[in-house]
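For reference, the chains in residue letters:
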Amino acid sequence: EVQLKESGPGLVQPSQTLSLTCTVSGFSLTDYSVHWVRQPPGKGLEWMGVMWSGGSTAYNSALKSRLSISRDTSKSQVFLKMNSLQTEDTAIYYCTLEFLYSGQGTLVTVSS
Amino acid sequence: DVVMTQTPVSLPVSLGGQASISCRSSQSLVHSNGNTYLHWYLQKPGQSPQLLIYRVSNRFSGVPDRFSGSGSGTDFTLKISRVEPEDLGDYYCLQSTHFPPTFGSGTKLEIK
Numbered sequence: 152e153v154q155l156k157e158s159g160p161g162l163v164q165p166s167q168t169l170s171l172t173c174t175v176s177g178f179s180l181t182d183y184s185v186h187w188v189r190q191p192p193g194k195g196l197e198w199m200g201v202m203w204s205g206g207s208t209a210y211n212s213a214l215k216s217r218l219s220i221s222r223d224t225s226k227s228q229v230f231l232k233m234n235s236l237q238t239e240d241t242a243i244y245y246c247t248l249e250f251l252y253s254g255q256g257t258l259v260t261v262s263s
Numbered sequence: 004d005v006v007m008t009q010t011p012v013s014l015p016v017s018l019g020g021q022a023s024i025s026c027r028s029s030q031s032l033v034h035s036n037g038n039t040y041l042h043w044y045l046q047k048p049g050q051s052p053q054l055l056i057y058r059v060s061n062r063f064s065g066v067p068d069r070f071s072g073s074g075s076g077t078d079f080t081l082k083i084s085r086v087e088p089e090d091l092g093d094y095y096c097l098q099s100t101h102f103p104p105t106f107g108s109g110t111k112l113e114i115k
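These protein sequences, in sequence, are chains F and X.
Going by my numbering, the first sequence runs without a break in its numbering and finishes at 263.
Going by my numbering, the second sequence runs without a break in its numbering and finishes at 115.
Among these hints, one or two may not hold up.
Which chain F residues stay away from chain X? Per the calculated CB distances, all over 10 Å, these [unchecked claim]:
{"no.": "1", "residue": "164"}
{"no.": "2", "residue": "174"}
{"no.": "3", "residue": "181"}
{"no.": "4", "residue": "208"}
{"no.": "5", "residue": "216"}
{"no.": "6", "residue": "225"}
{"no.": "7", "residue": "228"}
{"no.": "8", "residue": "240"}
{"no.": "9", "residue": "254"}
Computed Cβ-Cβ distance ranges for the label pairs, DEER-style [as the list claims (entries may be wrong)]:
{"no.": "10", "chain 1": "F", "residue 1": "237", "chain 2": "X", "residue 2": "29", "range": "24 to 30 Å"}
{"no.": "11", "chain 1": "X", "residue 1": "10", "chain 2": "F", "residue 2": "215", "range": "26 to 32 Å"}
{"no.": "12", "chain 1": "X", "residue 1": "87", "chain 2": "F", "residue 2": "212", "range": "39 to 45 Å"}
Hint data in this document are derived by calculation from the structure and do not stem from the laboratory.
Note that the structure is predicted; figures quoted are calculated from it, not measured.
All residues carry an ideal CB built from backbone N, CA and C; glycine is no exception.
Given the sequences, and given the hints that come with them, work out the whole structure.
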């Protein structure tokens, strides 16, 4: 059974760095890509970036300067790091297996 | 980036009735490999988006046949027949033919 689960701090201070982990099971990160998508409260969905199965990454150009995605295949984990957070980065962050299956999401609030 | 224009924003329907949602792209979604990567999602309140239809017209595993997708090129439609209470929520289209993947702005299906 495919499962994805996001984890991370619920609250981040402005200008700080966000670190999220997506822990997966039921498939191998070397066979499938994992994307990150976010959704501000009450708003639509925004694609953030992807960890391709081969290990390379691609990012939304609007976030590229602040965003980094990496992985640890031995732990079946994909990591998202985004720096210089602002209040507009408050959102639910999802990881998704090639847009087929998603985690339940984790709410990140940027506030002092 | 490909702009996905989704209409209507809100769609009041009667239980047992039919609903139709449109998604139009700013450029053709036909990939060079001949496939069209246009997908539909339902996000129920408090949940992550769940895949309904992939590549225009293919129902994902477990999706009832009340849901159907159609279209080609730049013009796509999701139809829901015999609407049930569990169908209520926000519907999104997603294109992944072109980089970066982009979502429609969403349609809220609600009871009339």
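Verification of the supplied hints:
1. The claim that residue 164 (chain F) lies off the interface holds: its Cβ sits roughly 26 Å from the closest Cβ of chain X, which is beyond the 10 Å cut-off.
2. With a least beta-carbon separation of about 15 Å from chain X, residue 174 (chain F) lies farther than 10 Å from that chain, consistent with its non-interface assignment.
3. For residue 181 (chain F), the requirement that its beta carbon stay farther than 10 Å from each beta carbon of chain X is met, with the minimum near 20 Å.
4. Non-interface status of residue 208 (chain F) relative to chain X is upheld: no Cβ of that chain comes within 10 Å, the nearest being about 12 Å off.
5. Every Cβ of chain X is farther than 10 Å from the Cβ of residue 216 (chain F); the closest lies at roughly 15 Å, confirming the non-interface assignment.
6. Residue placement check: residue 225 (chain F) keeps its beta carbon more than 10 Å from all beta carbons of chain X (closest about 26 Å).
7. With a closest Cβ-Cβ approach of about 19 Å to chain X, residue 228 (chain F) is found to remain outside the 10 Å limit, as its non-interface label requires.
8. With a closest Cβ-Cβ approach of about 18 Å to chain X, residue 240 (chain F) is found to remain outside the 10 Å limit, as its non-interface label requires.
9. Not every C-beta of chain X lies more than 10 Å from that of residue 254 (chain F), the closest at about 7 Å, which undercuts listing it as non-interface.
10. For the hinted restraint 24 to 30 Å between residue 237 (chain F) and residue 29 (chain X), the CB-CB distance of approximately 28 Å keeps it satisfied.
11. Between residue 10 (chain X) and residue 215 (chain F) the CB atoms are about 30 Å apart, so this pair conforms to the stated range of 26 to 32 Å.
12. Evaluation of the 39 to 45 Å hint for residue 87 (chain X) and residue 212 (chain F) yields a pass: the beta carbon distance comes to about 40 Å.
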